[in-house]
Amino acid sequence: MENLGQLKIQQMVFMIIAVALFFILATLFYFSIKTANLYQASIESERDRSIGLIIKLASSPELSYTGVSNGIDSDKLMALKKQPEYRDYWGVNGIIIEKLYPKYPDAECNTGNYPNCTKIILFEKDGDVAQSASSYVALCRKDSINGRAYDKCELALMVIQTLENEF
Amino acid sequence: MNFSKKAQEEMVGFVLIVVIVSVIGIIILGISLNRPRNIEAQTSAELNSFSSSVLSYTTNCEIPETNPRQIKELIKDCSQNDICSNGQNPCQVLSTTLKELVSHSSYRVERGSYTRYFKISVLNEVSNGTYNDAITPIQEGNEQECVRKLIDTQPLNIGLAENSIFKVEVCYKD
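Quick note, the sequences are listed as chains A and B, same order. Under our numbering, residue 167 is the last one in the first sequence; the count climbs by one each step, no gaps. Under our numbering, residue 174 is the last one in the second sequence; the count climbs by one each step, no gaps.
Hints are supplied without guarantee of correctness; some may be wrong.
As the list claims (entries may be wrong) - Here are the simulated lysine-lysine pairs, PhoX-like style, with alpha carbons at most 20 Å apart:
no., chain 1, residue 1, chain 2, residue 2
1, A, K142, B, K72
2, A, K81, A, K125
3, A, K152, B, K72
4, B, K149, B, K167
5, B, K149, A, K103
6, A, K8, B, K5
7, A, K76, A, K142
8, A, K34, B, K72
9, B, K6, A, K8
Claimed, not checked - Cβ-Cβ distance ranges computed for the label pairs, FRET-style:
no., chain 1, residue 1, chain 2, residue 2, range
10, B, Q139, A, E124, 37 to 43 Å
11, A, N113, B, P137, 21 to 27 Å
12, A, G67, B, E100, 23 to 29 Å
13, B, T136, A, A36, 52 to 58 Å
14, B, Q80, A, L38, 26 to 32 Å
15, B, N67, A, T66, 31 to 37 Å
16, A, N113, B, T66, 37 to 43 Å
Derived by calculation from the structure, the hints in this document are not laboratory data. Note that CB positions come from ideal geometry on N, CA and C, so glycine has one too.
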């Protein structure tokens, strides 16, 4: 009779341990999923913050193309490229604009090949770059067909390089 | 003998409970895995910059001659059945250009790519909250493979309808 009692107690202890283990595992599983989502959300938030900086720079009067939302004036970029005093004005380590579509010869833009080129390096400071962020922009310029001027906008990627934790 | 029988009965009972719980668990797991996942779409600053840049893109369709149309203008030309000065159909130019723009961006859908699906549509509001497609949507990939979905809408003030929107949906594997 005493043995049966001990057996019952043992059985109950095993069950309690099993149930407790189950709940601990389920809680761990739940929190690991939650943490993964949190990590993803923090990456998204960091990316959105850096894109916010790009949008801010793109909408500055020195770069923006009047009348086009999210538009950058490539003629202004080519003019600013020759102004070294602007290098410290933007507060970043480098600004590069890369044309995505349509395709042009894969070359850095200069006065000789512009606009038939792919990459406009506004400036790029020496030293290690800790982070870079990019966002899409409409790269626009004035063009003409049979003497009639029009706005020609292309798809481009604006890349900003910074030192650590500048975003 | 009596003790042994009782122990056997208890063991059978315990095994029965474990089996029933396992079967119920498997059934619930099966149902939840088979159920089409309703993913909540999120907004994205990057997708927003992509869609606004796409709308400003200048195409090679001129209406009239020497007046190249931007994507947002071409949407109107397409819905009004206009013709480009070189004889091309604006809807065809629109579709080809949008596909090319997506394929040259990080949102391209290809084998091994992170992006699994994209859809670009132009919608006209017909009544409160109800929208109809103004042009044939451009889409690629399989929406069923989506785990994370991004969405962006841009208002189109081009006189198509009282409320028209340019909608871009992109989704990822994880």
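Status of the hints after comparison with the structure:
no.	hint	result
1	A/K142 to B/K72	18 Å, holds
2	A/K81 to A/K125	13 Å, holds
3	A/K152 to B/K72	14 Å, holds
4	B/K149 to B/K167	13 Å, holds
5	B/K149 to A/K103	29 Å, violated
6	A/K8 to B/K5	15 Å, holds
7	A/K76 to A/K142	11 Å, holds
8	A/K34 to B/K72	41 Å, violated
9	B/K6 to A/K8	12 Å, holds
10	B/Q139 to A/E124: 37 to 43 Å	38 Å, holds
11	A/N113 to B/P137: 21 to 27 Å	38 Å, violated
12	A/G67 to B/E100: 23 to 29 Å	24 Å, holds
13	B/T136 to A/A36: 52 to 58 Å	38 Å, violated
14	B/Q80 to A/L38: 26 to 32 Å	48 Å, violated
15	B/N67 to A/T66: 31 to 37 Å	19 Å, violated
16	A/N113 to B/T66: 37 to 43 Å	26 Å, violated
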